[in-house]
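S.K.: So the chains spell out like this:
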Amino acid sequence: MKKFIIFFFVPFFLIGCSNEQIVKVSNNAADGEKREEIENLIRDTKEVYTGTAILAGDELLVAIQVNPWLGYKEQKVEKKLQKEIKEKYPDLHVLVSSDYKMHWESQKLLNEKDSKKLKDEVKKLKDLAKEET
Amino acid sequence: MDPQEYQQLEQQITPPTPYVKNVLKAFLVGGLICTIGQAIMYLYIIFFDFTDKTAGNATTATMVFIAAVLTGLGIYRKLGAFAGAGSAVPVTGFSNAVVSAAIEGRTEGMVLGVGGNIFKLAGSVILFGVGSAFFVALIKLILVTAGVVKW
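Going down the list, the protein sequences come from chains E and D. Using our numbering, read the first sequence as starting at 30 and increasing by one per residue. Using our numbering, read the second sequence as starting at 81 and increasing by one per residue.
Think of the hints as simulated: they come from the structure by calculation, not from any bench. Don't be surprised by glycine CBs; every beta carbon is placed ideally from N, CA and C. A hint or two may mislead.
[Said to hold, decoys possible] What follows is a list of derived Cβ distance ranges for each label pair: (1) D:D129 - E:E62: 26 to 36 Å; (2) D:G211 - E:G61: 52 to 62 Å; (3) D:K101 - E:D149: 33 to 43 Å; (4) E:K153 - D:I116: 23 to 33 Å; (5) E:E161 - D:V103: 36 to 46 Å; (6) D:Q118 - E:K153: 52 to 62 Å.
Working from the sequences, and respecting the hints, build out all of it.
M.R.: So, in structure tokens, the structure goes:
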């Protein structure tokens, strides 16, 4: 029984140990400084373990994944980051989302070169995030 | 034999209930059902235009459908006998309660048999579910009106 417990639970604890943050910002963003600043803003949010920012013109989609044991804070983290980015860049249409769909789709958009297609996709995702039914 | 003697005898003969074993079985099977549900949810999110918010309803419907089919085939009964609460507590248990009651009443005709019996077990879930949802919504409405919380 003891061996059984060790066999099943040690990997979980080991996986839990890796607390490295992965933050990526889309390559398409022309302004390097802006990219870095957005990346730092996401990095400063300690609750986030994966963050992806897609910048397409004046549209910004930030997909974050909050640590599972901090799931109850998810909405608060979203709002806080949204406010921070909005304050820094009032001209950008920002959406910060902790939705898995946004995370999944933004990973695919990271290497998208066509800026028009990128903008359309970001707009589509933002509409999807508003969907309630 | 007086009632006390009978009770003693009964307690001697009855095999002890394996609580730990039952709890473990329920935990594992219930967890397995929930893992399948989570996998279906991810399928909807990844391959279709569903978000975390909207995928829940579709996942529940799929799980209910799968459990209904399994009940019809008689597989869910075996699972229920093995796992107990592990198979009854998730939403699949609700589906099982509806479908098995409908199958049971089939011989009495469509209206009085199936129609009359289909919610025999699940009816209380619907009644108290709707009732408690109404009261929770009412409390929230009062709190929002009073300005304590936001929607």
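S.K.: Has the hinted range 52 to 62 Å been met by the Cβ atoms of G211 (chain D) and G61 (chain E)?
M.R.: Between G211 (chain D) and G61 (chain E), where Cβ atoms are some 59 Å apart, the hint holds.
S.K.: Confirm or reject the claim that E161 (chain E) and V103 (chain D) have a C-beta distance inside 36 to 46 Å.
M.R.: Holds, since E161 (chain E) and V103 (chain D) (Cβ atoms, about 38 Å apart) stay within the stated range.
S.K.: Can you tell me whether the CB distance of K153 (chain E) to I116 (chain D) sits inside 23 to 33 Å?
M.R.: holds (30 Å)
S.K.: Do the Cβ positions of K101 (chain D) and D149 (chain E) conform to the proposed distance bound of 33 to 43 Å?
M.R.: Given about 56 Å between the Cβ atoms, the range is violated.
S.K.: Is it true that the C-beta distance of D129 (chain D) to E62 (chain E) lies inside 26 to 36 Å, as the hint says?
M.R.: holds (35 Å)
S.K.: Does the Cβ-Cβ separation between Q118 (chain D) and K153 (chain E) fall within 52 to 62 Å?
M.R.: Once the Cβ atoms are compared, 25 Å apart, the range 52 to 62 Å for K153 (chain E) and Q118 (chain D) is violated.
Hint violations for this structure: numbers 3 and 6, all remaining hints satisfied.
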